[in-house]
Amino acid sequence: MLPTSPPAALCVRNLRKTYKDVVAVDGLELEVRAGECFGLLGPNGAGKTTTIEICEGLTTADSGDVELLGLHWDSDAKELRQRLGIQLQETQLADKVTVLETIRLFRSFFRHGPPPAEVIGLVQLDEKMNSRVGGLSGGQKQRLALACALVGDPDFLFLDEPTTGLDPQARRQLWDLIEQFKLQGRSILLTTHYMDEAERLCDRVAIMDHGKVIALGTPRELISSIGVEHMVEFSAGGAAKALQVDPLRQIEGVRDVCRENGTVQMQVTELHRAVPALLNELARQGVPLTELRTHSATLEDVFVTLTGRHLRDE
Amino acid sequence: MSDVTAVPEIRAREAAAKTPRETTLADHPLVQLTLTRFREFLREPEALFWVFIFPILLAAGLGLAFRNRPAEVLKIATVTPELAQSLRKDKLLDVQLLSGPAAQEALRTGKVALLAEPGPTGTVVYHYDDTNPEGRTARMLADRAVERAAGRVDPVGASDRLMREPGSRYIDFLIPGLLGMNLMGSAIWGMGFAIVDARRRKLMKRLIATPMPRHYYLLSFLLSRLIMLVIEVGFLLGFGVFVFKVPARGSFVDLALLCVVTSLSFGALGLLIASRVRTIEAASGLMNLVMMPMWIVSGVFFSAQRFPDMLQPVIKALPLTAAIDALRANMLQGAGLPQVSGQLMVLGAWLVVCFPVALKLFRWR
Chain U
1 MLPTSPPAAL CVRNLRKTYK DVVAVDGLEL EVRAGECFGL LGPNGAGKTT TIEICEGLTT
61 ADSGDVELLG LHWDSDAKEL RQRLGIQLQE TQLADKVTVL ETIRLFRSFF RHGPPPAEVI
121 GLVQLDEKMN SRVGGLSGGQ KQRLALACAL VGDPDFLFLD EPTTGLDPQA RRQLWDLIEQ
181 FKLQGRSILL TTHYMDEAER LCDRVAIMDH GKVIALGTPR ELISSIGVEH MVEFSAGGAA
241 KALQVDPLRQ IEGVRDVCRE NGTVQMQVTE LHRAVPALLN ELARQGVPLT ELRTHSATLE
301 DVFVTLTGRH LRDE
Chain X
1 MSDVTAVPEI RAREAAAKTP RETTLADHPL VQLTLTRFRE FLREPEALFW VFIFPILLAA
61 GLGLAFRNRP AEVLKIATVT PELAQSLRKD KLLDVQLLSG PAAQEALRTG KVALLAEPGP
121 TGTVVYHYDD TNPEGRTARM LADRAVERAA GRVDPVGASD RLMREPGSRY IDFLIPGLLG
181 MNLMGSAIWG MGFAIVDARR RKLMKRLIAT PMPRHYYLLS FLLSRLIMLV IEVGFLLGFG
241 VFVFKVPARG SFVDLALLCV VTSLSFGALG LLIASRVRTI EAASGLMNLV MMPMWIVSGV
301 FFSAQRFPDM LQPVIKALPL TAAIDALRAN MLQGAGLPQV SGQLMVLGAW LVVCFPVALK
361 LFRWR
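Chains as they are written, first to last, in my numbering: chain U, 1 to 314; chain X, 1 to 365.
In isolation and in its complexed conformation, chain U is listed as follows (with noise of 0.2 Å):
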C-alpha cells in the first residue's frame, strides 16, 4: 500500500437535491478528512442545511454519492447510525424530562459509549443534571443536543448551526467544547453562517452560495486568496450623498470600493498608505467624516468579495 494521505471521512460527489422548483444542492463536491474540523459556510438558503441532511441520512438525495466513514447510507444505515453524532438546527428536546433522563434516553439507543453522567460532564452541565430542560437557557439547551451528539461515542460529528441564536458569552464557551473534541481526533462537519466562529474552530472551510461550493481551504488560504489583507470602512452621515467614490479608487494600496447606504467600504493592501490618502481626499470633497473603522480581511470579506453579498443577507 502506499502510503497516502488519509483516507477522507466523508465524501460526497456530484450531489444534487431538488425542493420543488428550487435546486437546493447542485452539483456538490465536498471532502471531509478524519480527524479534521470542516465547515462549511454560506448564506441562509445556500444549501448548508439540506447537504448536511443529506449526510446525515435525514433527506436523500436526487443524485450523487456519499461516502461517509467508508460505508454507504442504502447498505449500512445501521452501521452508520451507530457511529455518527448528530446535532439538528433547532431540534427542541422535551420540556418536562431532566438532563440526566434525556442523556439516558438517548444513551440507550446506542451501542457502546460513556456514560451519562460523564457526558453531562463534559458539556459541563453537571449542576443541571436533575433540572428538566424547559428551564435551561438557550446556551444549556444548545449543549445538552451536543451532549445528545455524543452519547454514542461518535467517529464523524455533524453539527448544523450549533451556535445560532446564542449570546456571545453562551458560543465561545460551546467553541471551547466543540476544540475538545477535535483534540480528540473525531471528525466535525459543521454548517455556519458566522465566519469568526469558522475562522477560529475550522481546520479547513467550503464556502457554499445556490447549492454549489465556490470557495474551498484553509481560512487563511481563502482570506489570502483575495489579496487584500484589510478593509476600511467608514461613514459620511448626510453628506455622504455628495462623495465621489471614483477618486478614492485612484489611491494607492486601494483595491476596491464599494458603497452601501450610508457607508463605503474599500478592500486595501497597504492600510498605511490608503489611510492618509483616504483623509485627504475626503477633506478636499468636503465630506465630514463620522465613523471609520478598519478590520483584517475575514471569510465574510472573502464570501462578499466572491458574490458581492454579504452573508447574513436573506
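In case anyone wonders, no lab produced these hints; they're calculated from the structure.
Since the structure is predicted, the reported quantities are computational estimates derived from the model, not experimental observations.
It is possible that part of the hints are untrue.
[Said to hold, decoys possible] Below, simulated BS3-like cross-link-like pairs (lysine-lysine); rule was C-alpha separation at most 25 Å, straight line:
(1) X:K75 x X:K111
(2) X:K111 x X:K91
(3) X:K91 x X:K205
(4) X:K111 x X:K89
(5) U:K128 x X:K202
(6) U:K241 x U:K20
(7) U:K96 x X:K360
(8) X:K205 x U:K78
(9) U:K96 x U:K128
(10) U:K20 x X:K360
(11) U:K96 x X:K202
(12) X:K202 x U:K20
(13) X:K202 x X:K75
(14) U:K78 x X:K89
(15) X:K89 x X:K75
(16) X:K91 x X:K75
(17) U:K78 x X:K202
(18) U:K20 x X:K205
We have chain U already, so just place chain X on it with the hints.
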C-alpha cells in the same frame, strides 16, 4: 502530520468507549422511551386532571343528579283529624293536619301534592293539579286509604315483589359509557398530542437520526398506553363499583381484554390522526372532529337507540359505540366474549384498517 499525532488519541478514546459497561433492563431503548412517555405525561398536571379526575367528577356529578331516590313519600294535607287518621294508614302518604286556609296555601305553593277535605254528606273532595303526576298518584293513594278505612275490601288479592337491583340505574348505564369515552379520549389525545408535539419540535427527526429502531418509538406509545390503561380503568371502575355499587357482572379478564382492544383501536385511530399533522392546532381540530360525533351518538350519556333506525348501522360501526356496547354487556349483563363478538369485530376492523394506513402515512419529520 497532525493526523499522525491524532492516532494514539483516537485509539485511547476507542478503548475507553469499548470497556464493557453494565447494561440493565432499564437501559433498553424501549424501556427508556416508555419511561420518557410516562414522565412527560405524569409531569403534565392538566393531562392528569383530564384523564383521571375529570371522568370521576363527571360520574359523581351525573350519578348524584340522576340517583334513584328511595320510594317517594307524598306529602298531602287534610283539615279534619278523622280524615287524617284514615289517610295515615297508607305508609306512602305523609299527612299534615292543617287549618283550612293554611292547607289551601300549602297546596297552592306546592308544599303538598293534594288536599283532602270532607265534602257534603260523608263524601271526600280532593284538590290537586291533575297535570302533575305526583298529584294524580296522591289522589289514587289517598282515595284507596279513605275507601279502605271505610271498610272497602278489594275483590282481587295482590302482592308486590320489589325490583331495586343495581344494574338498572342511570349510574350503571353511565359508568361503562364514561369508561369507553375515557379510553377513546386518552388514546387519541395521548397519542395525538405527544406525536404532533414531538414532530413540531423536530424531536422526532432528532430521534430518527439516532440508531433508535423506529418501531420502538411507536411501540413505546402503545406500551405506556397499556400501562396507563390499568391505572385509568382501575380508577374509574373502582370509583363506580365502590361508591355507586355499579355491578361488574362479567368476567374481569374479559373486561380487561375489552379495554385493551378498545384502547388499541383508538390508539391506531389516534396514530392515524397524528400521522401527518404538523401543528397542535390542526391536530386538536382533527381530533375533535373525529371524537365529537361519537360523544353524541355512541351512547355515552344516553342510549344510542334514540337515533333514527336509518342511522343505526352507521352508529353501530363507530368504534366508541362498539366499545361502550361491549363494556355495558360485560358489566351489566355479565356477557362473555362470544356475546360481544360483533363489537369486538368492529373494534378489530378499526385497528386493522387504521394502523397500517397510519404507518404508511406517518411523517417522521
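Comparing the hints with the structure gives:
no.: 1; hint: X:K75 x X:K111; result: holds (7 Å)
no.: 2; hint: X:K111 x X:K91; result: holds (18 Å)
no.: 3; hint: X:K91 x X:K205; result: violated (74 Å)
no.: 4; hint: X:K111 x X:K89; result: holds (21 Å)
no.: 5; hint: U:K128 x X:K202; result: holds (23 Å)
no.: 6; hint: U:K241 x U:K20; result: violated (43 Å)
no.: 7; hint: U:K96 x X:K360; result: violated (30 Å)
no.: 8; hint: X:K205 x U:K78; result: holds (16 Å)
no.: 9; hint: U:K96 x U:K128; result: holds (14 Å)
no.: 10; hint: U:K20 x X:K360; result: holds (22 Å)
no.: 11; hint: U:K96 x X:K202; result: holds (16 Å)
no.: 12; hint: X:K202 x U:K20; result: holds (22 Å)
no.: 13; hint: X:K202 x X:K75; result: violated (69 Å)
no.: 14; hint: U:K78 x X:K89; result: violated (88 Å)
no.: 15; hint: X:K89 x X:K75; result: holds (14 Å)
no.: 16; hint: X:K91 x X:K75; result: holds (11 Å)
no.: 17; hint: U:K78 x X:K202; result: holds (21 Å)
no.: 18; hint: U:K20 x X:K205; result: holds (22 Å)
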